[in-house]
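Novice: So the chains spell out like this:
Protein chains: 2
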Amino acid sequence: MQSVIKGLLQKNGSKIVLLVMDGLGGLPYKGPEGAFAGKTELEAAHTPNLDRLSGASACGMHLPVGAGITPGSGPGHLGLFGYDPLKWEIGRGILEAVGLGLDVKKTDVAIRCNYATLEDNVITDRRAGRPSTEKMRKVTELLQKEIPEIDGVKFIFGPGMEHRFAVIMRFPEALTPEAAMVNDSDPQMEGKAPLPLIPKHPKAERTAAIAAKFINKVEEILKGGHPQNYTLVRGFSTHPRMPSLLEAYGLRALAIASYPMYRGLARLIGMEAPDFEGSFDEEIEYMKHNWDSYDFFFIHFKKTDSYGEDGNFAEKVKKIEEVDGALPSILALKPEALIITGDHSTPAVMKGHSWHPVPVMLHAPYVLGGLTEGFSERQCLKGELGIIPSVSLMALALANAGRLKKFGS
Amino acid sequence: MQSVIKGLLQKNGSKIVLLVMDGLGGLPYKGPEGAFAGKTELEAAHTPNLDRLSGASACGMHLPVGAGITPGSGPGHLGLFGYDPLKWEIGRGILEAVGLGLDVKKTDVAIRCNYATLEDNVITDRRAGRPSTEKMRKVTELLQKEIPEIDGVKFIFGPGMEHRFAVIMRFPEALTPEAAMVNDSDPQMEGKAPLPLIPKHPKAERTAAIAAKFINKVEEILKGGHPQNYTLVRGFSTHPRMPSLLEAYGLRALAIASYPMYRGLARLIGMEAPDFEGSFDEEIEYMKHNWDSYDFFFIHFKKTDSYGEDGNFAEKVKKIEEVDGALPSILALKPEALIITGDHSTPAVMKGHSWHPVPVMLHAPYVLGGLTEGFSERQCLKGELGIIPSVSLMALALANAGRLKKFGS
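Protein chains in written order, with our numbering: chain A, 311 to 719; chain B, 311 to 719.
One or more hints might be untrue.
Identical chains share a label here; the pair holds if one copy fits it or two copies do between them.
Unchecked claim - Straight-line alpha carbon distances no greater than 27 Å define the calculated DSS-like cross-link-like pairs of lysine-lysine that follow:
no., residue 1, residue 2
1, Lys715, Lys464
2, Lys340, Lys628
3, Lys340, Lys644
4, Lys340, Lys692
5, Lys644, Lys464
6, Lys397, Lys715
7, Lys692, Lys349
8, Lys523, Lys692
9, Lys340, Lys455
10, Lys716, Lys349
11, Lys321, Lys692
12, Lys445, Lys523
13, Lys527, Lys415
14, Lys415, Lys523
15, Lys316, Lys613
Since the hints were derived computationally from the structure, they do not count as laboratory data.
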């Protein structure tokens, strides 16, 4: 479908805004009777602006990956950006690296690393005693200083939480996915030796050899640092090489997100994603200042997901209300198409991502509307969009923004 | 999608129950005004338990094969079991054999047979005068005694209704589908000679040769038995070799069905399917006794379809009410996910299977619910599932039972 759409693209001066409340979808509150009883987070929230807007929008539900499939943040956002998450899989190493704010290029192999404890060539703690983030940040900085490159391959380190970090191996030339066909060294169990790195493709031989040298160097540098004296590596992967939003959909795109992972995801498809940190109001203000320079604006709001993951129903409700309060300042910019949705559901009652479809509204001049009495899961199920794959939203946004020509004649 | 799901499977102690009311879906009664006027079978039935449960369930409609496609029992059930019926076709010979209670193995070629009348090498009656089932059962038993094997291939006979029977040719070794690439001998018209069996693949040469010997032997044995003096064969097919429910979905599965065909279908995908015969209450009792030994329970209720096929609206309504009455004893087992649906629609007003989507409810802890006021076609259309392919139900059941990990991160 992406190629069909590509053939229909036409330029105009229209603006599309995609507002993602992370983990927006919810489920009914199960606690004792009270204000929340039987209501989802969206139903419990006081959202006069969203409710009013839903009546003048095409509403529905979108399904990120497929029935019953709970998406991670990567697949969830890819779908919203118009990339089929079953076709475009982002490797674990790449996702970790972009999540830690590293920029990934087409010359890179990215890996997820753990600090671990090695005794007599046996892993005795895969998490190296769960050290503090602060302590390990310094260790990672030391490694960066000591291992700037190996055999002509640059090493770029990204410190993570506690025992975690990411490493990018930057080769002098662009790579194909075969270059990352190397197994994990992590045996996934304590009491076992680390696994030797074995290339599964001739093009991965260099990667495996250099990564093995890297592991040895780390071991040398950390010698005596027990229990943080070793590193386990996994998730070897290359840049997913998706077409950019400009190539695929003709859109100059700006991502405004306070969390590195979402900026990283956006950069993978060629969005500009400045290292922005600020409140939601400041995100909108930033969009306003850049209004003339882009066609597509992705604004990410994280806290709905965070409180969903915590199982904090009341705070998730408040965060939805916060977005509702800011809605008029987005509407004041008069985008031709405004999509408001989440990347997946994170029902507070489940304390985690879930497989449930996500409520969505598309506000644009040419919609039926009038089918909903508010913005919620149960209201959106009455809407004109039905339950659609997430990837369909980009095509709908383009159409509503007047950016798609007729198909056939 | 099956391969994606396979990669996400995780085990837990959860239980999934799939209750199939065969041919459940219906259409409005067309008779004179009265209690049934304008109502479907489900709407006419008094079903307090199903109605109450629907409010705490994810409801919707499922589409067995595709828009406008009327499924047979095979495709209908395959979809419910999570196997795309367009991908996994069960050969006619295999379906006939399992329908007559024969066990089919990966070493088998199965064929459908008719007793027929042959005069001067011309078929004068393709149904051999429609003899009684009783009479032909004895003839089939005689054939079984006289033809236990040919050239090292075992012959297993399954007596059927009237002029019909099935035969399994059991080879000493496992076969591939090419072994069954043999045409029908049935010319599909009277007044023609039987068609010679011609292998369409080298691997089918032995099958064709032995089947020809089989036809000759039958003719010899039945000589003088006019009008039942010959057999026509069709539907050469091998075991469909689908992955088992355990391989595909990690489920140890028990099928409880009083009709051989449904047990046979279940066995094709590795379900345990004991030769159970009993009332619906006894089926539930049997499930209870085996609760700890399986993860997935398929309970089949036949009579809704039978009365639908008969055009007996009132009796189909009563059978739905019978299931409703037994519902509390299923709920008492507290399965993590309970699906209640049909394998296809059999509207009494059509006296046969139809293409209409089938109402379904999925009762599980993490659903929206609250969208329906009962369990029926028109109510389910308001539900949160929308109209989904039947194969999606297995993924939803697995997700609701906590058996699927997150996709991507």
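Novice: Does each hint fit the structure? Answer for all of them.
Specialist: Going down the list of hints, with the structure as the test:
1. Neither within a single protomer nor between protomers do Lys715 and Lys464 lie at most 27 Å apart by alpha-carbon distance, with minima of 46 Å and 35 Å respectively.
2. Taking the shortest alpha-carbon separations for Lys340 and Lys628, only the intra-copy value of 18 Å comes in at or below 27 Å, while the best inter-copy value is 36 Å.
3. Only between protomers do Lys340 and Lys644 lie at most 27 Å apart by alpha-carbon distance; the minimum there is 18 Å, versus 39 Å within a single protomer.
4. When the C-alpha separation of Lys340 and Lys692 is checked against a cutoff of 27 Å, the pair qualifies both within a copy, at 24 Å, and between copies, at 23 Å.
5. Taking the shortest alpha-carbon separations for Lys644 and Lys464, neither the intra-copy value of 46 Å nor the inter-copy value of 57 Å comes in at or below 27 Å.
6. Proximity of Lys397 and Lys715 under a CA criterion of 27 Å is satisfied in both settings, with 25 Å inside one chain copy and 19 Å between copies.
7. Within a single copy, Lys692 and Lys349 get their C-alpha atoms as close as 17 Å, and across copies as close as 18 Å, so both meet the 27 Å cut-off.
8. In the homo-oligomer, the alpha carbons of Lys523 and Lys692 never lie at most 27 Å apart, since the shortest distance is 59 Å inside one protomer and 60 Å across protomers.
9. For a Cα distance limit of 27 Å, the shortest separation of Lys340 from Lys455 qualifies neither inside one copy, at 52 Å, nor across copies, at 65 Å.
10. Taking the shortest Cα distances, Lys716 and Lys349 sit within 27 Å of each other only across copies (25 Å), while inside one copy they are farther apart (42 Å).
11. Taking CA atoms no more than 27 Å apart as the test, Lys321 paired with Lys692 passes in neither setting, with 33 Å inside one copy and 36 Å between copies.
12. With identical chains, the CA atoms of Lys445 and Lys523 are at most 27 Å apart within one copy only, with a shortest distance of 24 Å there and 81 Å across copies.
13. When the C-alpha separation of Lys527 and Lys415 is checked against a cutoff of 27 Å, the pair qualifies only within one copy, where the shortest distance is 24 Å, while the shortest distance between copies is 57 Å.
14. Taking identical chains as interchangeable, the C-alpha atoms of Lys415 and Lys523 lie at most 27 Å apart only when both belong to the same chain, with a minimum of 22 Å there against 53 Å between chains.
15. Proximity of Lys316 to Lys613 under the C-alpha cut-off of 27 Å is found in neither arrangement, the shortest distances being 34 Å within a copy and 32 Å between copies.
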